[in-house]
Structures are given as structure tokens and as C-alpha cells.
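> Make the full structure from the sequences, and use the hints.
Heads up: the protein sequence lines correspond to chains W and G, in order. Quick note: the first sequence uses this note's numbering, first residue -16, plus one each step. Quick note: the second sequence uses this note's numbering, first residue 12, plus one each step.
FYI, nobody ran anything at the bench for these hints, they're computed from the structure. Just so you know, even glycine gets a beta-carbon here, dropped at the ideal spot from N, CA and C. Take the hints with a grain of salt, since some may be wrong.
Cut-off 30 Å, straight-line C-alpha distance, at most; resulting in silico cross-link-like pairs (DSBU-like, lysine-lysine) [what the hints assert, rightly or not]:
(1) G:94 to W:17
(2) W:113 to W:88
(3) W:15 to W:82
(4) G:52 to W:28
(5) G:52 to W:16
(6) G:52 to W:17
(7) G:52 to W:26
(8) G:94 to G:52
(9) G:204 to G:31
(10) W:41 to W:28
(11) W:15 to G:52
(12) W:16 to W:28
(13) W:88 to W:145
(14) W:113 to W:16
(15) W:131 to W:145
(16) W:17 to W:113
(17) G:80 to W:26
(18) W:131 to W:82
(19) W:129 to W:147
Sample of chain G residues at the chain W side, in silico, Cβ under 10 Å [stated by the list, open to error]:
(20) 53
(21) 56
(22) 61
(23) 64
(24) 320
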Amino acid sequence: MIVKRTKLNFWERLYLPAVVAGFRVTLRHFFKKKVTMQYPEEKWKVPEGYRGAPYLVKDPEGRTKCVSCQLCEFICPPKAIRITPPGPVADPAVGNVEKAPHEFKIDMLRCIFCGFCQEVCPEEAIFLMKDYSLTGLTREEMVYDKTKLLALGGVHQDQIWKWKNK
Amino acid sequence: MAWFHNLSATEQFLLVSAIKIVGVFCVVMPAVAYSVLAERKISAMIQDRLGPNRVGPMGLWQPLADGLKTFLKEDFVPAHVRKAYFWLAPMVSMTPALLVLAVIPFGSNLGGEPMVIADLNVGILYTFGIVSLGVYGIVLAGYASNSKYPFLGGIRSSAQMISYEIAMGMSVIPVFLIVGDLNLSKVIEYQYKNGWLILYAPLSFVIFVIAAFAETNRLPFDLPESEQELVGGYHTEYSSMKFALFFMGEYANMIAASAMMVTLFLGGWTLPLPGLNRPAESIPMGVVHMVIFMAKVAVLMGLFIWVRWMWPRFRYDQLMDLGWRRFLPLALANILATALCLWMWG
Chain W
-16 MIVKRTKLNF
-6 WERLYLPAVV
4 AGFRVTLRHF
14 FKKKVTMQYP
24 EEKWKVPEGY
34 RGAPYLVKDP
44 EGRTKCVSCQ
54 LCEFICPPKA
64 IRITPPGPVA
74 DPAVGNVEKA
84 PHEFKIDMLR
94 CIFCGFCQEV
104 CPEEAIFLMK
114 DYSLTGLTRE
124 EMVYDKTKLL
134 ALGGVHQDQI
144 WKWKNK
Chain G
12 MAWFHNLSAT
22 EQFLLVSAIK
32 IVGVFCVVMP
42 AVAYSVLAER
52 KISAMIQDRL
62 GPNRVGPMGL
72 WQPLADGLKT
82 FLKEDFVPAH
92 VRKAYFWLAP
102 MVSMTPALLV
112 LAVIPFGSNL
122 GGEPMVIADL
132 NVGILYTFGI
142 VSLGVYGIVL
152 AGYASNSKYP
162 FLGGIRSSAQ
172 MISYEIAMGM
182 SVIPVFLIVG
192 DLNLSKVIEY
202 QYKNGWLILY
212 APLSFVIFVI
222 AAFAETNRLP
232 FDLPESEQEL
242 VGGYHTEYSS
252 MKFALFFMGE
262 YANMIAASAM
272 MVTLFLGGWT
282 LPLPGLNRPA
292 ESIPMGVVHM
302 VIFMAKVAVL
312 MGLFIWVRWM
322 WPRFRYDQLM
332 DLGWRRFLPL
342 ALANILATAL
352 CLWMWG
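What follows is the structure, given as C-alpha cells:
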């Protein structure tokens, strides 16, 4: 294909129309709304079904839903989850909840956000939430323990009142 | 002030000059730093971004952070460079810009003391002499770096600066034909008596501005740098404070060029208003004059910065063509026309 190049006339060759046009464009953009997102303060709204960081949830009564079955620990491809079950001694404080985990750790540096733990969980106790870009100053800090995971996960409003009438 | 009057004339002159030099330096260096910030802010706005806004309110302390960063960076010297020239080049590119400021009258007077560091009779010749030294910094950097991109940058720089310097020098001749003096203070005196010289020599102003863009290596004439094709051109091999010196040199050059334009064409520290169009009689008025001068320089700096984000770079042959075949004859014709006008009606 041959692109025809038209000869510029004298007025155009003076460079002035280009100057004016250039100034108009830059001036318009100068006062335009800016597209920059102020990242740590503003964040992208992630879509539904986004696989962010896995956190533990409580039921509407404030009980830990996890029953330490350790399925998530076994399925976890990068072995990021480490669960310490409660052992034979029952805790009177949590009532009928039989096997609330003694300790539940997720190493967020190992986690690959695959969502297998959420899929495998029979109790709907662990969910991939919408948090991304987790930060910390040390490796130890990036291993989230039970209290932190529960605090970040919050309450899951499901309609199965599993422990209500036991 | 008794002790001051007890000093001999030479001592007084030295002391006052030293104070002026320190004062100018203390104004120009922050001005350089803040023009960099202005450049970043304006470029960001033109590109629909926000620009630096993290350090301090609206990013106002960003220059401090930048300065600190360059000081803390590793000063890496590649093994293949020619060491002596490599060290010399950043200094050579920074100093001329500051030296030019010596002859520029940045205010009328403060308590009877003229606000110019050196009131030279040959002011403009001195300026052109010093400005042409600036090219050596870049050429040396290109040569000393001993690698291909800086070398190309250096070559381009020398060709470009030489061709535009001639047009620049020719363009100001009408100004001095009209004024009849080379002293920059006299140029300003003429302007507050008869009106700004941009009205008498508009073509000179246009040529001077364009040549100044070429002299300071600003877009659309930044061929020695050419981030895209020469990866930074002459300062590719530089890092840390040596790079910062080139960078500051560029902005100091812009300030010097703006100051020259203000002095030669835009009335210097004067405004065509009663009280502002004659030398100051009181100290507050002297300060006002200096502020006016700085405001004018700031406006021109804004022009320099804005233009950079408006136009693409010229091709090398277009640049040469423009310098030698357009501006040089135009400037010569301008001299002739001005001389004829002065001869017939002057």
C-alpha cells in the first residue's frame, strides 16, 4: 500500500497551527480529571469470586466454625496451612464445639491462593476473601495465626445454626 | 554599620560581592530543585496523572527527598571510562550556568547597592562566552564515557549547540543596536524608559527563545539526550551525584536562559506601572523589584516545561536545517532591517 503524502502548504509549514493544536491538547489534559489511583488509600474493587487471602470465619453465634478436620492442611498444595488440633481435653468455654483448633496457622508467603482449602472444607469455615497485597516486615509476621485469621475473617452469615440445639 | 564604613573600598566591594554571590546561589539552587518538581507536576498533569504528592503537603518536600537520594546512591564509575574527563564533565556542565547569572541584574538596588553581581560593560559578550563553554561538559561526557550512545549524544550536542549559538548571537544584535550598549543594566534602563524591547524586536525574541531551547537541550531540541534512541545520551554512564550535576546543570541553564530573556526582552525587574518603572528608592521597593524579576523568570520556566510535553523531538536534519537555513538568514535580515530603521528614523 502506498500512503499518499500531501505537501504541506506555507501556513502549515510555519509550524504555528501545530503549536496551537498542541497547546490546546495539553491544556485540555492539564485540567482534565486525573486517572491516578492513590494506591494504599484507594484500592481496586475486586470482582465477585476473586480469590484473595484465605481467612477463618465464625458463625453468627460467634463460634469458631473450624473443627480441625485438617482436610485443608492435607489438600494445601504449597503446605501453607498448619493446624494444631485441641487434643482430648475439652474447653468448657466453647461449650459444645468439639474440636475447635488449638492453633491454626497459614503462611501467607507460601499460600498460592488456589482456593482448595475453601473447596474442601466440610464446615464452610475457611474462605478466600478479597484481600490482596498482604504486607509485613518479617517472614514471621507473614505467618497468620488463629486469632489474626479469625479477626480478619469476621462472621459468616449462613443460615445453618449447627450448634444451636445441641 | 560603622565597622562597614571603616573598611577600605576594596574590602567593602569584596564583602558586598560575596554576600550577593551567596544570596544568588541560595536562591538559584532551591529554584533548580523546585523547577524539577514543577516539571514533574506539570508533566503529570498534562498526562492525566497526579505527580509526586507523597513527601509533604502536595509533594512540596520532594526535592529534598530527591537530593538525599542522589547523595546516598552509589557513585558507580564504569571500568571503561576515561577517568579524568569523566570526573570533569559534570562540573564543566554545571558551572557555566551559574557563571552566567553573575552579570544579570536581578533587581534595581537595595539601599543604593545595585542588585547585580558584576556590572560588566561587555555583559552580553561575557554571557555568550560562558554559555558556549557549556557544550564542553556534554561533549566531554560523551567522549569520556567511552561507549557508543554517549558518544553520539556528545557529537549531536556539539553540532547543535554551535549552530544555534550563531543564530542566538545574531538575534540579539538588533537589541544592542537599539539600546546602544552591551551592559545589561543599561539594557534595562532603556526598557523602563522606552518600553520593553520585545515590542521593538519581536523577531529577535522569537529566534532567541527557540535558540535558547536548543542551547539548553530542551525538547523539541533534546537530541543529545534522546531517552528513546540514545538511552539518555551523554549521561548514560553517569550515576549518583555526577548525574545529578548534569541534571541540575540543565535546569540551572534553563533558569539562566530565562533570566537572559527577561533581561533582554521582557524588561527585567520593571513593570510598566508607576513606581515599578524606575530604580527603587526604598528597600521594600527593591525587594518588590527582585520579586517581579523572579516571577518573570518563573513564567518563562513554565513555558520551557510546558513546551517539553507538547511537541515531539525534531529529526536531526530538520534541526540542522532550521538552525542554518532558516534562523541564521532570518537573524541576519533582522539585523539589516533594524539597522535600516534606525538609520532612517533613529
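> All the hints need checking, so say for each whether the structure fits it.
Taking the hints in turn, this is what the structure says about them:
Annotation: proposed proximity of residue 94 (chain G) to residue 17 (chain W) is violated, straight-line Cα distance about 46 Å (limit 30 Å). Restraint check for residue 113 (chain W) and residue 88 (chain W): satisfied, since their Cα atoms lie roughly 19 Å apart, inside the 30 Å limit. With a C-alpha separation of about 59 Å, the suggested pairing of residue 15 (chain W) with residue 82 (chain W) is violated against the 30 Å cut-off. Between residue 52 (chain G) and residue 28 (chain W) the CA atoms are separated by roughly 27 Å; this keeps the pair inside 30 Å, and the hint holds.
The hinted pair formed by residue 52 (chain G) and residue 16 (chain W) meets the criterion: a straight-line CA distance of about 15 Å does not exceed 30 Å. For the hint pairing residue 52 (chain G) with residue 17 (chain W), the CA-to-CA distance comes to about 12 Å; that is within 30 Å, so the pair holds. Between residue 52 (chain G) and residue 26 (chain W), the direct Cα distance comes to roughly 23 Å. Compliance with the 30 Å bound is thereby established for this hinted pair. Distance restraint check for residue 94 (chain G) and residue 52 (chain G): the Cα-Cα separation of roughly 36 Å exceeds the 30 Å cut-off, and the hinted pair is therefore not satisfied.
In summary, the hint linking residue 204 (chain G) to residue 31 (chain G) is supported, as the alpha carbons are separated by about 26 Å, within the 30 Å threshold. Under the criterion of a C-alpha separation no larger than 30 Å, the hint pairing residue 41 (chain W) with residue 28 (chain W) is consistent with the structure, at around 24 Å. Proximity of residue 15 (chain W) to residue 52 (chain G) is assessed by CA-CA distance (about 14 Å); at most 30 Å being required, the pair is judged to hold. The suggested pairing of residue 16 (chain W) with residue 28 (chain W) holds, with an alpha-carbon distance near 20 Å, which does not exceed 30 Å.
Note on residue 88 (chain W) and residue 145 (chain W): the hinted pairing holds, with a Cα-Cα distance of about 24 Å set against a maximum of 30 Å. Between residue 113 (chain W) and residue 16 (chain W) the alpha-carbon distance is near 28 Å, which keeps this suggested pair within the 30 Å criterion. Distance check on the hinted pair: residue 131 (chain W) and residue 145 (chain W) sit about 24 Å apart at the alpha-carbon level, within 30 Å; holds. Proximity of residue 17 (chain W) to residue 113 (chain W) is assessed by CA-CA distance (about 26 Å); at most 30 Å being required, the pair is judged to hold.
Proposed proximity of residue 80 (chain G) and residue 26 (chain W) is supported: the alpha carbons are some 28 Å apart, at most 30 Å. At roughly 19 Å between alpha-carbon atoms, residue 131 (chain W) and residue 82 (chain W) fall within 30 Å of each other, so this suggested pair holds. Between residue 129 (chain W) and residue 147 (chain W) the CA atoms are separated by roughly 23 Å; this keeps the pair inside 30 Å, and the hint holds. For the restraint placing residue 53 (chain G) at the interface with chain W, the shortest Cβ-Cβ distance is roughly 8 Å, inside the 10 Å limit, so the hint holds.
At about 5 Å, the closest approach between the beta carbon of residue 56 (chain G) and any beta carbon in chain W falls short of 10 Å, and the interface hint on this residue holds. At about 4 Å, the closest approach between the beta carbon of residue 61 (chain G) and any beta carbon in chain W falls short of 10 Å, and the interface hint on this residue holds. Here the hint on residue 64 (chain G) is kept, as its CB sits about 8 Å from the closest CB of chain W, short of 10 Å. Annotation: interface hint on residue 320 (chain G) holds; nearest CB of chain W at approximately 6 Å, less than 10 Å.
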